[in-house]
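Reconstruct the complex from the two isolated chains, following the hints.
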Amino acid sequence: MGPMKKKYEAGEATKYITRAQALKKLQLNLKDFRRLCILKGVYPREPNNRKKAQKGKLDKKTLYYVKDIRFLSHEPLIWKFRDFKVFMRKMKTAMEKGDKETVARLKENKPSMKLDHLVKERYPTFMDALNDLDDCLTLCFFYSTLPRDTKVPANLISLCRRLTVEFLHYVIAAKALRKVFISVKGIYYQVEIKGQPVTMLINHQRGFKPTSASDVDYRIMTNFVDFYTSMLGFINFRLYHSINLQYPPKLPGITVKEDATDEDAVEEYNELVAALNSSLVTNVPQAEEEVQIDEFPSAEGAEKLEEAKREAEAIERLKSLFKGLKFFISREVPRESVVFVIRSCDGEVSWDPSIFAGATYDETDESITHQIVDRPSVDKQYLSRYYIQPQWLFDCINFRRLLPVEDYFIGANLPPHISPFVTERLGDYIPPERQMLLALQRGETLPAEQEEEEEEEEDESEDDSSDEEEEEGKVEKKEPIKSQVVKEKKGMKVMRGRVEMPDVKGMEEEDKEHYKFRELMIRNKDKRLYRSMMKNRRNREREAKRLENKRKQHEKEEKSLKKSTSSGKALTAKWSIQPLSATSDTQTKKMKMM
Amino acid sequence: MATASKSAKRRYEIVENKGNSEDVDDIIEAQVSDNADDSTDEESSEYSGLEDDEEDDSGDEEDESAWEEASDEDEEDDDEEQDMSTNEDSEDDSEDKVAPTAVPIEQVESSTTAEEPAKPVEDEYAYDSSDEEDLRNTVGNIPMNWYDEYPHIGYDLEGKPILKPKRGDEIDNFLRKMENPESWRTVYDPQTGQDVVLSNEDVELIKNVMGSRIPDGSYNPYEPWVDWFTNEVMETPVTGRPEHKRSFIPSRIEAMKVGRMVHAIKMGWMKPRVPKDTSVERHKYYLMWNADDKSEDVRRIENPIPAPKPRLPGHAESYNPPPEYAFSDREIAQWNRLADTPYQRKFPFVPKRFSSLRAVPAYDRFARERFVRCLDLYLCPRAKKMRLTIQPEDLVPQLPKPRDLQPFPTVCSMIFKGHKGLVRTISHDPSGQFLISGSDDQTLKVWEVATGRCFKTFEVKGTVRCVSWCPNSAIALVAAAVDNNVYLINPGVGDRLVQAKTDEILKEMPAQTDYLIPQRVRAVLTWNEPDKEQWASGFRVILTHFKAVKHVAWHSKGDYFSSVMPEGDNRSVLIHQLSRRRSQLPFSKSKGLVQCTLFHPLRPYLFVATQRHVRVYNLLKQELTKKLITGAKWISSLAVHPGGDNVLVGTHDRRLCWFDLDLSTKPYQALRHHGQGIRAVAFHKRYPLFASGSDDCSAIVSHGMVYNDLLKNPTIVPLKKLRGHDKFDDFGVFDVLFHPTQPWLFTSGADGTIRLYT
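For the record, the sequence lines run as chains A and B.
In terms of full-length UniProt numbering, the first sequence has 323 at position 323, counting the first letter as 1, and numbering is strictly consecutive.
In terms of full-length UniProt numbering, the second sequence has 521 at position 521, counting the first letter as 1, and numbering is strictly consecutive.
This is chain B alone, in the form it adopts within the complex (with noise of 0.2 Å):
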């Protein structure tokens, strides 16, 4: 302000010295290193410093009103103006305060710099005017932020970029920052890219602004009040009428009615109030009920439930409990725990032992106890709700004891030893005299029964997936699947004359002469005959497949024997006829993953299992008779009851399936009592047992009756957990079978033993 016409005069100077951009840099440099030097100076006063620039009154020293307006009064006179910015005269405030006074920065770094040359930068302040409108960027009142990419900020009057003054890094700012005394009152200027010093009023002005009060500073809002309209009683009236005749002479209507009243209480028609006693009558008992139990017909509310009475107390509530019910410490601390959550607590107060009842203190929850019930009375819905008066034993089924179902197999009375490796598959002989098991170690083994003897073993090259012996007893016959191929193996034990028929029977191939096989047959299998070799070793016919075969069942007439191909997608399943060795391949669309299959007992049916259902069909008719939903996620095996008409349906994820084919396709029971996957099912061929083998390394006898009478219903107990596998690899009990004539039970585990249960 002070300086504000000097630097009108100044203008000129800088208007010269415009052209020399090109020293800025060096320029800025040397304010640097002035600014430190000057540091300690401007310390000392804002006001010091600047009235010291004044004095110098150098050529390029720039005054800190040049942000400031320079309105023409400021263009007078230079020490008349000096004292006033001083003094703050109201005069000019006025103005002062409306206008931004700011110095830019620069200009009061530069003040001590007396003896540079002549200041080449184009200062916007350099020129006096302190009107925006005057600066001579004339981009106009544009957000700035738009020329943020380019290196000028605008252009002038003649249309010429104006350079941005270069800021320096952050480093350079920092320490221009700590040096720089002004900094907290350094704001940026965006129009210019400058940074700008503000001014002592443009301080106090912030100030007020923010403190909420008037921003003029010099306004004084308390100013001495002047009580233009007198509150004083004037002493003579404004009217002097005197008063009515009326006022004075008592009223007449008044008297008349003073005149009534009298004569009605003379007349007895007017009596005092009585003072009306409300509690009497309103507390008055009478006999509202005659008898107990009659009740008269009262409109009462819809289906009255009365409340639950309120809880009674417990041992723990005495004021001296039994010494087990009053806390513990760690009781205590477990009580004060749950302060947050007092609802969690197990009573409302610590019980306690109190010598006497002298020292009992009061409950001080008692009012909040009383409330609660108050609003449990008249907020709480009310419903009736049956409670069960049976005990957890009522639950649970009644089934006739164990006992009571024997024969069925109990104690391990055998071990098969011999296997090397997992014994996946057994298989007895018709009369029950001999098992075959079918291992990983590449063996097929014959035993006998009763002595546990290993009779014979057969080499074969791979794993042997299934065995299965041949149910017509007048022929001597296994089934094997090894890899791709299926064996029929005469195991060459038991009677001789059986043995030396079925070598008869399959020495020479039956002649095809009209028979053609089909091509889709013949992509699929081919039938061999052994080598000598194999033939001298029990091996009789070889099915080739073109898959591996997983699983292989016989009819139950001995003729027909399917095997299955999990991999051969519509090809999986093949019915072979022995007799005629001939093949055939019965669908022609595949059904999802072929896991076993199975042939009815009696009828000309055909059980397909694929991964989720079991499918039947009729080998007649050639159709879908009946698809079993089993709902599960995996089927692993499967077995008919030896009546045909109930399946039972093993599965990985631990669910046993009985299906009555006469009742539904889905499940008539699920039992899940193993603790891992199924792996086998077995039905026996005499007596009501069936059993399952699971991973779990156990096998379970179960009573599974099923009866002529068609009303009845199957029933079904679990009878016996039979273990004695032990855990290989993750897996236990491989297979399961049932002895045909007693009730024994054979398993075979991934321990490579087989047990005989009894």
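The shape of chain A in the complex, shown without the other chains (with noise of 0.2 Å):
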């Protein structure tokens, strides 16, 4: 026999070290391993026995792969942060001596640190760096609109906003945009790269509230920041050069030099490149492939195959949404989101100079189709253009088509924004206009109009018809008894069998025992899942009944109030659909207008 094996020396214990641990083995302290963690993208992990991992101590405790805090230790960032500790203390001391001159010295050579291997290694493939892209867009977003005086460095924002401004030049000229939605949060897009969906928040653009230090601690959001401005200017860099653009991004006819001194120059550009109303210079001139999809013969995927060439055609048709729109934008309305949203549908937009650089066309222009106001009135308007509010462009581009305008006029009771993102489980409750995009997507037209049309006939006609269903009925029931009399008089040997009909009431009671039984014979081990599971169904069941109700509730109310005042339209002819053709035909109006 051995030596007696002892407790927690293989297996899981040894797998795993404390947080504490770690950081006497790094002999970084606690901000500067926090600092490491998130550049590295190191995270604590799940054991599978806890207490086993814990070598048998019980209270939780933060627990890291060994093999991880070993990966940490030959990072040379670790390197760098010593230089760095050894350079503030140079720099105090200097400070407190009031040594101007060696203060200048240390701070031009004051130690740099480059994340750019940081990004290979976290991301080995692009797919990787595109699939974790959602938080880096959404926190670089919200770093491009902080003020200056924040605890942020100001470069950092500077940069996250030209990075930004640069990711929705991409979206633009790729056509990437798939899916908008304006919560109270912010508005969300979600943009489609190279097959992989990448949603980004970027939050209301209203005055910038300070947040006490316990609610948020910069210093950490800085330290993902500073990792994510690496990482997406990669991402851009790759971006752009999959669809032959110039990084970083260039105007066409306006030429700054690289090395330019002027200050004010440098800024003016960038605020033209901010604009979004611009294409930007491709290095080569490229031909668009049409990508069609293969028809492959298959019995049974022929319906998804069916639904993946609806999908793709919608897509193309949503590229082009806007095309041959012009668009005028109001002061009131936020021009990044709206100039984004019209440009990556392949619209013409423009606005009032005086709010940024940028704008092509005056709002005096005749051939303008649409102006954006979100305002209850305008003085002045023209009759050549439809005067509409913002949440048009976005329900557009959820439906995928455009929408009649009527809703949206100005001043109108808009109808409700509904989020594209919803994926409904069985049970869940729809709410109608959900419904109704869901129809469009499995390729049906719903001709709300028709139907109402419909309705209108079938009660008019419902006078004469219902006469003469009931004399049908009448006589229907009367025939067959009389010709059983017949039959019967007649005397003849054999009877005519009667069908009997299945007892359906009965076989339904019976499964629903039968089911009863079944319940009761799970086995113990699936009892509790099984429980729960069911109790999940029967909330979210009991929730959609509420919301139906809630609904059903409202829309009467609605509708007392409109009888009250007028007769109003029903709710479905509301989201009555325009015909395909509507885009071509506008056009056309237009160019005779014109």
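Source of the hints: derived by calculation from the structure; they are not laboratory data.
Be a bit skeptical, because a hint or two may be false.
[As the list claims (entries may be wrong)] Keeping only pairs whose Cα atoms sit at most 25 Å apart, straight-line, the calculated SDA-like set for lysine to any residue is:
| no. | chain 1 | residue 1 | chain 2 | residue 2 |
| --- | --- | --- | --- | --- |
| 1 | B | 284 | A | 267 |
| 2 | B | 352 | A | 540 |
| 3 | B | 721 | A | 530 |
| 4 | A | 512 | B | 404 |
| 5 | B | 294 | A | 193 |
| 6 | B | 384 | A | 532 |
Given below as structure tokens:
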């Protein structure tokens, strides 16, 4: 027999290390360790058996993989941290001595870190990087809107701004925008890059409200943003490269020297780039490829194939949704988001030049088809254009077709704006607007107006037809009785057999009882899971029912209100869909007008 | 203080009066009354009152400084001292403050009672000794609570006990407190047992100490500063040495250094610093990934788990949500109520409709939410978890449909009415033509199954616990357990020949020639012949037991039968042989409360169900072959499959256990589909059916197929719940019984009916 085995010297116990142990091993303080973890993307792990992993201790500890910590210990950044510590010490002494020359010299030689290798290491493939882009974009957009007087370094804010604008330019150029949603938190945009959906949230740009230090620690977020800026820069570079755009973005016709000293000129140029209103310089003019889905003869996948085709068609439609439309933005509308949305669907847009640089045409331009306004009324209206609210743009993109503008006219009571990100499970509540959208996606056309007409017709014809039907019914009822009687009277030997209706109700009850017995026979091991699943399902059903009832109640109230004021359109009529050819029609109309 | 010297003189007077301790009571009373009178005077001013005392200068008058230290100076001139005390001179202050200066209350009170005779009390303070050591109490510095139980508080110099001064009761004390304006400065001195009024100096001292100031009020901490060492710079230096020549001549070494530098610059070795543009270098981007999916070999962290994506927004988050998502007033109130526990809220915001995009405010939790997400990314432990993609229906086992398992009883087709009490037990004859039932109304009834007619009624004295028809079709005999007796009854229905033959067999007792009934059996049971009357009414043999019999069961051959007396301890099970009229007690030890016994249908085994276990005994070898562990608290009933390898056990704790004797001693399957305790279980002889009857007034028929193939386990499918019986006294169904040939089920219930389900 060998030596006695000791507990916690093999297996799970040797795989994990607590944070305190890790700090000791790396000889770092908590602040540096945190920074290192954020930059390197090292996070705690949940062990399979916590008691074993903690070597028998029962209090909950933050556990890391021993291998991860060993991996961290080889990181050259640790030396940079130490250099920085020395630098700070030297600076402090020099400052206290009042040695200005030394301070200047030290400042010049301030140690700086490069995080390029971390990007490569954390995301070995480009797809990995895209997969992790959501948080990166949202945080960078948030940082780009911070005021300069926060605790965040100003150059980081401007860098964020630069990178995010570059990203928006890419989305516009690649026409990658798929879904948008205005929420109370901000505006969500879903972009499709290389088949991967990337969702970003951009906050509403109102005034900045400082948060208390206990709520938000900007130092931690800045650590994240440090890494995210590197990551986003490389991703932007790769994205620009993939669609043959020059990086950094260049505007056609304007040349600014690389090492321009005139800061104003640089700033002006940056603003023009940030206007998002002109396409960028491409490296090589490329011919667009028409990608068609190959048809594979497969019986079972036919439906799926059909669906995929429809989807591809819809996306193609979405890419040039606003083509030929000319928009003008009023000053109260959030410029950047609206310009981004319009431009990524191939529309033309301009605004009052006093708001922002980069306006291309004036409000007086007669060829403008739509003016986006977000105020109750406008004094001077042009007859040649629609005055619509910004929600129209967002709804159009979600529906992937141009919606009728009537519901979105200036001062109109807007139809609800629903989230395009919801995926319903069985038994969930689906609001009617969403049902409409789903029906459209399935390729159905809901001729709501026709329905209405039919209803009216029915109403008209009800009086006539109901009588007729009743009569018919009576006749039908009478006839068989008569015939039977006749047959009986004849007294022939064989009676016609009657079809016995199956006892549906009894069968149902039987099935119910059988199911109950089956439920009782569930294995003990699965019983709890089954119960919790059923409970969740019941809760979901209850919630759906509640919402449905609420909606019904609301509609009833609306109806009574409308009746009292005037006869209005039904809800379904609101959602009548413009025919697909509408775009071309309007185009031709506009052409005529011009 | 002022009267300190006077007190010294007065001491003598009081020494004289010291002996008159018997007058103490009177004096205190007088003091109380005086006190009331004086109160107005004393309110005006403490000092004035005191001064008055001195002016009165009566013999018994006490001074406030008796408590004070009577130092030598105090004993000097009266008048001077008087002035000094009021003015608080600095000279005496130090002494005054250090010493606790206080006046016994009685002195103050009695101050105006000048006309009173000399004070007889042994008043500590009568002697002017202001030193505590000078007190006449000789007990020393000890905790005075040692004297709490005694009438005295110590001993004087002569060794006589010093009595405690009387303190009156609480009401007196309270009244005195109310009336005495000095009460706020009166303290109790445990050393002497007297109340002491603190003087002004004492109060001042205490105030200073409590306010953490210097106790001596006269000390001035802000005395003028004396500048001992001047801070002014002297006009003439200490030394008049002229500066060295070196300080005027430029340094040679420095000149050399500069020269070297100049040379280096000339030669182009030394260049001015070029300012580094770190930002440009750092944010220089290049093509990092050449392809989308191909990865080079990079060292990465161990087993990376990508962070879960942030949650996507639902309809409620919209700035213009559908009306059903916007919060109603009630929901808003509920949202507000959860202000202390915001994590319980459904949303972190209130869903609400904004009329236009312009009206949407900034989301004030935006920064916080981003921050929390960042925290999650680097602080949250990650693990890969399997997500269930199954529907709950997938967990429910697939059972064959009852429709495919027909025939089985489904409808109640006949109700046998006639009993007036609970029908505890039923049994059918071997052919299935007749049914016998035993009830609490002390009757046994024989029914014809086909017509539902009651053929016969047997009156017995006592409740019928169990009836069992002899399975041998050659004789017509029923065993019925009634109280202490087991009756063997010829029911008198069916084939007459068989009846007659049965009578013939049982008419004569077989000769017990060389058989001697063992003592143990004789103490338990006697075989009795019925009298003529009983014979005429059908009773053939009567077995009288020493305890109540609860259960009888026949062997399949019909010659042996067993009876169970649960209260019989180690003699609770008896096996009788009818042909030889012999009985035996198979067990010598009690293994628990025996509920029932059954014979194995094919082999010589006996199943004995006690409260918790079922034991299987081999009757030939006379040993225990198996012990079935039910896991139940109380077994109620037992049934054996006609094949003999499967046993069904019903328990009072709602469980129905199916044992496969070949598999294990633990239940093959335990069903809990009854709402209440199970009373009876039964197997069908031909069809793969079994049934259980319970107190919830229902019987459940199940399919229980046993295969001959040993590799195949029995299939058990519950088929139908048969309802119909009414509840009576918390009892529902008492007994269930299958028809021997048809898929019919009989149930007997507490409502006095028997039901036939077909």
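Taking the hints in turn, this is what the structure says about them:
{"no.": "1", "hint": "284/B - 267/A", "result": "holds, 19 Å"}
{"no.": "2", "hint": "352/B - 540/A", "result": "holds, 22 Å"}
{"no.": "3", "hint": "721/B - 530/A", "result": "holds, 23 Å"}
{"no.": "4", "hint": "512/A - 404/B", "result": "holds, 16 Å"}
{"no.": "5", "hint": "294/B - 193/A", "result": "holds, 17 Å"}
{"no.": "6", "hint": "384/B - 532/A", "result": "holds, 22 Å"}
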